[in-house]
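**Q** As given, the protein sequences belong to chains A and B, one line each in that order. One point on numbering: in the numbering used here, the residue at position 245 of the first sequence is 268, and numbering is uninterrupted. One point on numbering: in the numbering used here, the residue at position 87 of the second sequence is 92, and numbering is uninterrupted.
A portion of the hints provided could be inaccurate.
What the hints assert, rightly or not - Here are the simulated DSSO-like pairs of lysine-lysine, each with C-alpha atoms no more than 27 Å apart in a straight line:
#1 A/K327 to A/K345
#2 A/K233 to B/K8
#3 A/K233 to B/K238
#4 A/K320 to A/K150
#5 A/K324 to A/K294
#6 B/K36 to A/K233
Note that these hints are calculated values from the structure, not bench results.
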Amino acid sequence: MAERVFMKGTEAIAEAAVRAGCRFFAGYPITPQNEIPEYMSRRLPEVGGQFVQGESEVASVNMLFGAASTGIRAMSSSSSTGISLYSEGVSFSASARVPIVYVNVGRGGPGIGAIQPAQQDYNQATKASGNGGFRMIVLAPSSVQECVDMVYEAFDLAAKYENPVLVLTDGVVGTMMEPVILPEMKTDEELASLRKKFEHRAIIGHPVGKQAVCRAGLMGSGQENVNIKAAAMYDDWDCEIRVEEYMMDDAELVIASYGISARICKAVINKLRKEGIKIGMIRPERISPFPYDTFAKLDPKKIKGLLDVEMSIPAQMIWDVKHVLNKDIPVRECLRSGGQLMTNNQVENAVRDLIKEVL
Amino acid sequence: MEKKVYSRTNGLLPGAVSGFCPGCMHGTVHKLIGEAAEELGQLDHLVRVEGVGCCGLGQFYVSHDETIAAHGRACAVATGIKRSSPESLIYTYQGDGDLAAIGLAETMSAANRGENFTVIFVNNGIYGMTGGQMAPTTLLGMKSTTSPGGRVAEEHGYPMHMCEILDTLTAPVYLERTSCDTPQHVIATRNAIKKAFKYQLEGKGFSMVEIVTSCPTNWGMNTLDSLDFLRDKMFAEYPLGLIRDNG
């Protein structure tokens with residue numbers, strides 16, 4: 024039964040995963056996501072699941088690959104510099120089409136960066152989470168409730184496409200507490216039925232003659248065929264685009280933002296709207312596949328300027344926006360990084376500067 | 006009357022012909038794994054997690070479920086599989102570079118956790134598929150493509166003895182070093198693999214069989230000379246025999 028509780032983002036992520044049927048978790052400590060493995064180490068044994076503290080992120084993601092290749096629902100989590108070490112296992116999972124789910128609770132970067140929140144991993148998450156040019160669906164929650172909902176659906180998306188799914192959040196959403204409605208716990212019968220669907224290719228041992236193989240790479244022409252099939256799948260992902268268009272009906276100014284930054288922007292928009300300023304926001308709820316059409320359709324006769332708001336320096340999502348945006352719409356940036364938080368005032372001032380410039 | 010005295014294990018794909026180099030022992034080890042699992046009635050539950058390098062060529066010969074781990078990660082992948090499917094009989098198949106260099110952390114940590122699977126470690130003292138580079142198990146003085154003057158202790162360190170290193174841990178249940186150079190050693194290897202599998206089926210924990218083999222191609226020797234080198238030099242550095250049996 025769904026229930027309403029007051030929870031920290033990271034713990035809500037862990038509980039949502041368990042309710043979605045996650046029965047295997049491997050991870051390595053790194054701030055600011057330690058509550059996820061800690062929660063899993065208590066919670067998974069209660070539901071017959073397995074928790075392993077890996078000796079590294081590299082080991083953890085490969086354990087995840089192994090677990091998910093048996094058809095069990097499996098998850099891992101880390102943060103930024105740790106996520107870099109996931110590249111190997113994520114790429115293997117994409118190549119071998121193994122349905123893993125992993126969470127990046129982002130911190131400042133590059134390198135070890137700062138342990139405070141940031142959105143520095145957009146390009147890594149959406150463009151190259153490992154070698155080989157594969158793609159993933161990437162969900163970007165802006166609240167604890169969205170963490171819960173997105174983690175819950177991440178497992179279904181991973182199973183549907185037999186492909187890795189990433190939930191990219193940050194240290195703000197991960198460490199704040201909010202009331203959330205938790206989804207229903209999937210029953211053992213439901214999970215057994217889901218696992219059954221994968222059984223023919225699960226690496227669990229089959230009778231001779233019904234061998235299952237899980238290979239992240241093929242000799243000869245095999246690999247190109249795998250790539251062609253994957254590319255066809257990516258081409259079909261328009262149906263997986265999720266974007267929020269906030270107060271866009273009469274907007275003359277538009278903010279492009281996602282995750283925690285978008286939530287801050289929403290508060291600013293609400294304030295400015297009371298002054299009669301016609302401002303709206305386009306927020307990709309999933310940053311991959313990216314809602315290019317939503318930006319492409321913006322009409323320069325109506326939209327006088329766009330403000331890109333990210334907790335990243337340099338800006339990263341801006342390149343996806345500019346890729347399709349009409350060149351007559353001026354684009355400006357409002358950025359923080361390195362663990363410094365975006366503030367309402369900073370966004371508000373950036374909007375007022377834009378108004379002076381274009382209206 | 007005709008009496009059947011030998012038949013090929015069903016653990017290998019029917020009709021598959023070995024493409025390993027002349028004098029290589031990988032083919033023999035693959036056969037022994039199939040025979041050991043078959044004798045235990047476990048072929049239907051057998052899962053292979055193979056390493057990268059010549060080990061990965063096993064995909065062309067085995068009939069049971071298999072996945073290829075990233076280089077060095079076989080023990081991590083096997084941990085994930087075994088924890089999620091405890092009824093499967095799981096072995097990793099790894100070479101010296103895979104297990105003792107890039108995968109050292111995964112090997113040590115899985116052994117230390119006492120993960121209930123079996124490691125088949127094929128140690129020929131050199132990287133095979135990539136063309137004969139120096140491995141952690143390359144002997145002192147032995148030439149490789151990345152130690153062309155021979156391995157020098159002051160620069161490259163000493164050969165690593167993985168059975169003895171794992172023997173410092175408390176958790177492993179069974180560690181044995183064998184070879185495949187004579188019929189007696191082949192039988193000993195099959196028995197060791199069978200014992201390791203049996204312990205796994207009994208839930209006893211981590212086991213490793215290290216099989217010291219030759220690599221004529223990358224040692225730059227003919228098959229007979231490589232057998233002499235194996236017996237004279239490799240066995241001197243890596244003595245065959247039981248290291249630990251806590252079963």
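**Q** Give a verdict on every hint.
**A** Checked hints:
1. A/K327 to A/K345: holds, 15 Å
2. A/K233 to B/K8: violated, 30 Å
3. A/K233 to B/K238: violated, 43 Å
4. A/K320 to A/K150: Within the cut-off at roughly 23 Å; holds.
5. A/K324 to A/K294: Cα-Cα ~25 Å, so holds.
6. B/K36 to A/K233: With Cα atoms ~19 Å apart, B/K36 and A/K233 stay inside 27 Å; holds.
Violated hints for the displayed structure, listed by number in ascending order: 2 and 3.
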